[in-house]
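Asker: Listed here are the chains, written in short residue letters.
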Amino acid sequence: MPTDAQATLPPPLAAIRVLDFTHVLAGPFCTRLLADLGADVVRVESSKHPDHPWPSTFVSEDGRHASYLNTNRSKRSIAIDLKNEAGQKIAARLAAVSDVVIENFSAGVMARLELDYERLKATNLKLIYVSMSGYGHDGPRRNWTSMNMNLQGYSGLMMVTGAEGDPPTAISNSWNDYIGGLHACFAILQAIDQRRKSDQGRFIDLSQFECSAAMIGSLLLSSAVNRTVPSRRGNRSDRHAPQGVYACVGTDNWCSLCAETDDQWNALTRLIGQERWGSDRRFYTAADRLQNHDEIDQAISAWTKQYSSKEVEDRLRAVGISADRVRRINEVIDSADSGTAFSRMAERRVGTMLTTTLPFSLSSVTLPASRSAPSLGEHGVEVLREWLKCSEAEIAELKRREVLQ
Amino acid sequence: MLRVIDLTTLTGAYAARLFAEQGHEVIRVESPEGDELRRLAPFLKEQRDLEHSAYHQFLNAGKKSVTLDVASREGQNLLLDLLRQADVLVANCPLPVDEELCQAINSKLVVTKIIDDAPELCAVARSGLMSLTGHPDRVPVTLGGHIPEMAVATYVAVATAAALLVRNSSGRGLIATVSVRESLESFIEQAMVEYSFSGTITERRGSKGAITAVSGALPCKDGHWVISQIHRAGRWSTFLDWVQDPELSADPSLAEEANQHKRRDFIMERLHAWAKRFTKTELVEEAQRLHFPASPVSTPLDLVNDPQLLARGFLTELDHPEFGTINFPHGAIASVLGKQLGAAPQLGEHNAEIFAALNYATSKIGRATAGK
Chain H
1 MPTDAQATLP PPLAAIRVLD FTHVLAGPFC TRLLADLGAD VVRVESSKHP DHPWPSTFVS
61 EDGRHASYLN TNRSKRSIAI DLKNEAGQKI AARLAAVSDV VIENFSAGVM ARLELDYERL
121 KATNLKLIYV SMSGYGHDGP RRNWTSMNMN LQGYSGLMMV TGAEGDPPTA ISNSWNDYIG
181 GLHACFAILQ AIDQRRKSDQ GRFIDLSQFE CSAAMIGSLL LSSAVNRTVP SRRGNRSDRH
241 APQGVYACVG TDNWCSLCAE TDDQWNALTR LIGQERWGSD RRFYTAADRL QNHDEIDQAI
301 SAWTKQYSSK EVEDRLRAVG ISADRVRRIN EVIDSADSGT AFSRMAERRV GTMLTTTLPF
361 SLSSVTLPAS RSAPSLGEHG VEVLREWLKC SEAEIAELKR REVLQ
Chain U
1 MLRVIDLTTL TGAYAARLFA EQGHEVIRVE SPEGDELRRL APFLKEQRDL EHSAYHQFLN
61 AGKKSVTLDV ASREGQNLLL DLLRQADVLV ANCPLPVDEE LCQAINSKLV VTKIIDDAPE
121 LCAVARSGLM SLTGHPDRVP VTLGGHIPEM AVATYVAVAT AAALLVRNSS GRGLIATVSV
181 RESLESFIEQ AMVEYSFSGT ITERRGSKGA ITAVSGALPC KDGHWVISQI HRAGRWSTFL
241 DWVQDPELSA DPSLAEEANQ HKRRDFIMER LHAWAKRFTK TELVEEAQRL HFPASPVSTP
301 LDLVNDPQLL ARGFLTELDH PEFGTINFPH GAIASVLGKQ LGAAPQLGEH NAEIFAALNY
361 ATSKIGRATA GK
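The listed protein sequences derive, respectively, from chains H and U. Numbering-wise (this note's numbering), the first sequence opens with residue 1 and increments by one. Numbering-wise (this note's numbering), the second sequence opens with residue 1 and increments by one.
Chain H with its partners taken away, still in its complex shape:
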């Protein structure tokens, strides 16, 4: 969203230092939210295992995938060898002057690097330390490895999506990474707020699995009480009818519609040439229409198949029925009336690129503009000077011993 023209206040996370050990997507997505809210995010990266959120077709000259440019923009990078004791010490010293440490390794990895909460807390009581592994750091699944698709399956998303009898139905993006990242961001913002009064940091052991399971918490609760599997509704509503997605002219073109009121239903019957249904007892109320949804769907499909999805959308809207064609990715990005979540930013490697901006605004607050993602280790020296007041001799020594890369 565009920022407020009369912005006068600093961003929510002004002067907050985030030491970012995260990799792939859930963690880096969270720290990008923090950067967009004004935090100084420093990524601790490894030259041996260059990170990317997912493999992109485009890779820049300095080895950054398009996915990295988008996910890790507006952050700084320091490259330290964490397998090396001196590297671990530098990381611990950075953590001692950080507000937030965040990592999404499997449980136990940070302890092996001597960078777990118990150790770091000793030198920084105010530290907010966030772990966001797949399953959390305790419980019988704590050592399970997981990726987005695992969590889509395990958290129930695949079995509440689609219609009764469908195979598991997924969304082909890293949905759970975003859900986990947003929950982590919320927990961090609240922990910072509470720290103002208590002067105490805290350990936040978030489980991405639980974030995803919470998304279907209502259906989990109904299963706990009713001891049945909730029915899969496909595109239908429980409250009104008809509602669905209908095939239009061409290959794989569709339009959604929702008739939420009797007036909309009557308008629909006239539009699709079924006026006689207006007085048919089988379709009188929403409950009646829910009962006879299949028959209604057939008539709607027969009508939608004559037109393009855009025409169907226009004709439905013209008579007051909520309708939206199913937009493919290219259409969302390229249409003038959509894709507003994305904006063009200057990116030094490629000139300009589209990036996601926060889908919210804060009145009278200036949020920082997006900055190019860092090259590996680009800000190592600058961060050691700023955060640790390291001398030139000390930095030279760290470079010589290849602790700093």
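Source of the hints: derived by calculation from the structure; they are not laboratory data. It is possible that part of the hints are untrue.
Said to hold, decoys possible - Calculated cross-link-like contacts (lysine-lysine; reagent style DSSO-like; alpha-carbon spacing at most 30 Å): (1) H:Lys121 x U:Lys339; (2) H:Lys48 x U:Lys339; (3) H:Lys121 x H:Lys399; (4) H:Lys197 x U:Lys262; (5) U:Lys108 x H:Lys197.
It should be emphasised that the depicted structure is a prediction, and the values quoted were computed from it without experimental measurement.
Model the placement of chain U on the given structure of chain H, informed by the hints.
Answerer: For chain U alone, kept in the frame of chain H given last:
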């Protein structure tokens, strides 16, 4: 502890719940007839009344409920009095009270308003998310269980928490504006990046993933399981040692990630045939032993007794006066903080408590809370 006034629909109710999980006081303000959340199926014990919607029981857990007819003058006055003593108002647009008026009566109030709301199915179709969901030879679908609106609500929680930080350092209230449309679109980010850099249009892939070549749900002896084969040196040969499929082993070029992507449907078909001989547990335990990301595919009913959700306190056993002993889902933030939420309130359960604290005479409350 903050006081949060919750006047939201499905795109915001989970946000207010997250504040309850954090330990804040959340007051849900409803019309005297009870709001939409109380009317959403499924219903607990199949009782179709205002107290048994699963959505109400989950999303309003840990909140208080007061009833107000915001259209009446008395109702407006009561709401304003509530807002005078509140920290946050989170509400869908149109707001029941003018935002300038909110700020005039309480200069420290954070107002989070949710804009661009539309019927969920249409909003998901428009956002591009629907084009990514469903089976390629069938109709595209929305995510079930109102997951898209729940996801929007996590942005509402983030925006509100961010606004609170600004308020607490500036001493001044402010307005956070969250767009439902932009929130939903933001979730296609991955596909946006690939399209804008290389023109690739991501499409729906049924039970399979679009990002990792070998990734998706497959049938097995007793249901479905999910395997993701991370691409890393040496992993493919370990994987083949486990799977022992002659056709996969016959093609050494499949060790390359690019070739796995090209032939991902073939690989998944071979795994499909192989996995049918085993149970979920056998497959998942062996995969995890070999450090391959694998998991069962669960229905919500499977999750009710999940050992991981129980071990961490996401679920705890609760003796409910009406439902008996059930495993209650407290939430991901409650689990982190070791908190348990109380049951969802009955309609208007806290009218006396809340309005008495505002020094309202009982007779006056009666008029404003009863509706027309």
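Asker: Take the hints in turn and mark each one as holding or not.
Answerer: The hints, checked one at a time:
1. H:Lys121 x U:Lys339: The hint holds at about 23 Å.
2. H:Lys48 x U:Lys339: violated (41 Å)
3. H:Lys121 x H:Lys399: holds (28 Å)
4. H:Lys197 x U:Lys262: violated (55 Å)
5. U:Lys108 x H:Lys197: Judged against 30 Å, a Cα distance of about 17 Å means the pair holds.
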